[in-house]
Each structure stands twice: as structure tokens, then as C-alpha cells.
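J.: Sequence:
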Amino acid sequence: MEVLLLEKNAVENLLPQKFPFVMVDSMFSYSETSLVSGFSIKSDNIFFEDDTFLEAGLIEHMAQSVALHTGYQFFLKNETAPTGYIGSIKEIQIKKLPKINDSIQSTVTILQEFAGITLVDVVTTLNNEEIASGQMKTVLAK
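The sequence shown lines up with residues -1 to 140 when you count with our numbering.
Hints listed in this document are in silico derivations from the structure and should not be mistaken for laboratory results.
Model, not experiment: these values are computed from the prediction.
Hints should not be assumed to be uniformly reliable.
[To be verified] Taking lysine-lysine pairs in the DSSO-like style, the calculated list, with each CA pair at most 27 Å apart, reads:
id	residue 1	residue 2
1	135	6
2	40	75
3	135	16
4	16	75
5	16	97
6	97	140
7	40	16
8	135	94
9	135	88
10	93	40
11	94	6
12	40	97
13	88	140
14	94	40
15	75	140
16	93	140
17	88	16
18	40	140
19	6	16
20	94	140
21	97	6
Could you build the full structure based on these sequences and the hints that come with them?
T.: Shown next as C-alpha cells:
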């Protein structure tokens, strides 16, 4: 059983997105170079259709997991996190789409970080099975 570091309300306070656009509701681990986030898919999700969580929701979950890493990094320094943007998405592979009430987890690994630009690798799993992966580049607003 994984330890929950942050639950829904704390996570939402660290993300720039607000309901109904929040796609991360838990954080299981954090280090300077990685993070494991979670999300439980509910039927009121805007990316939910025909009992399935859509590709756009999965990619947004991955991006918000990266945002959570940045937000928590600034929170630990007692600073307000700047707004970040997705600079690019590369080599996204989606192997399976989750269903209602599934809980997914994403592992974010920081590959490079320089001058507010971060290159990350993200792997999303459902019941320990990899369902999506890819790389993203995020940029912090100045």
C-alpha cells in the first residue's frame, strides 16, 4: 500500500487548474527529480464519455502531474508557483483508456531543467499496468 502524501484539497491548492478541469487528486511521492500522482476517475469528469476516460483527459492528467511537481517544489520553498505551460508533447503512446471509478497513477521523471524549461518523462499506470507514456516540455511564465 502506497502512502498518500497529499490528498485532493491540498493537491488542488497547488495546481493552477480548478474544478471541473482538475485531473490530479493525490500525490504519493515527491523528490527533486520525480513525483508519483494519482487520479480517481468519476462520472462527472469533463473528459469522460461512454464509460471511458478520453485521451485528452489522460494527457491533461499527465501535464497536471508535472504542474503538481512544480507547485509542490515552490510550496516547499514557501513561494508562490508561477504559471506553467506545456511547451511540447512528444512520443505520447496511449495503450489503454481507463473507465469510470478507475484510479490511475503517473510517475513524472525530470530529465532536464534549465531556465524555467523542464523536460520530463511521464508514465501512467492502471493497476500497475502501463497505459500511457510520453515526454513533455513545460515552460514557466516569467
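J.: For each hint, tell me whether it holds in the structure or not.
T.: Verification of the supplied hints:
no., hint, in the structure
1, 135 x 6, "25 Å, holds"
2, 40 x 75, "33 Å, violated"
3, 135 x 16, "22 Å, holds"
4, 16 x 75, "23 Å, holds"
5, 16 x 97, "22 Å, holds"
6, 97 x 140, "38 Å, violated"
7, 40 x 16, "16 Å, holds"
8, 135 x 94, "23 Å, holds"
9, 135 x 88, "8 Å, holds"
10, 93 x 40, "20 Å, holds"
11, 94 x 6, "25 Å, holds"
12, 40 x 97, "9 Å, holds"
13, 88 x 140, "24 Å, holds"
14, 94 x 40, "17 Å, holds"
15, 75 x 140, "18 Å, holds"
16, 93 x 140, "36 Å, violated"
17, 88 x 16, "26 Å, holds"
18, 40 x 140, "35 Å, violated"
19, 6 x 16, "12 Å, holds"
20, 94 x 140, "37 Å, violated"
21, 97 x 6, "20 Å, holds"
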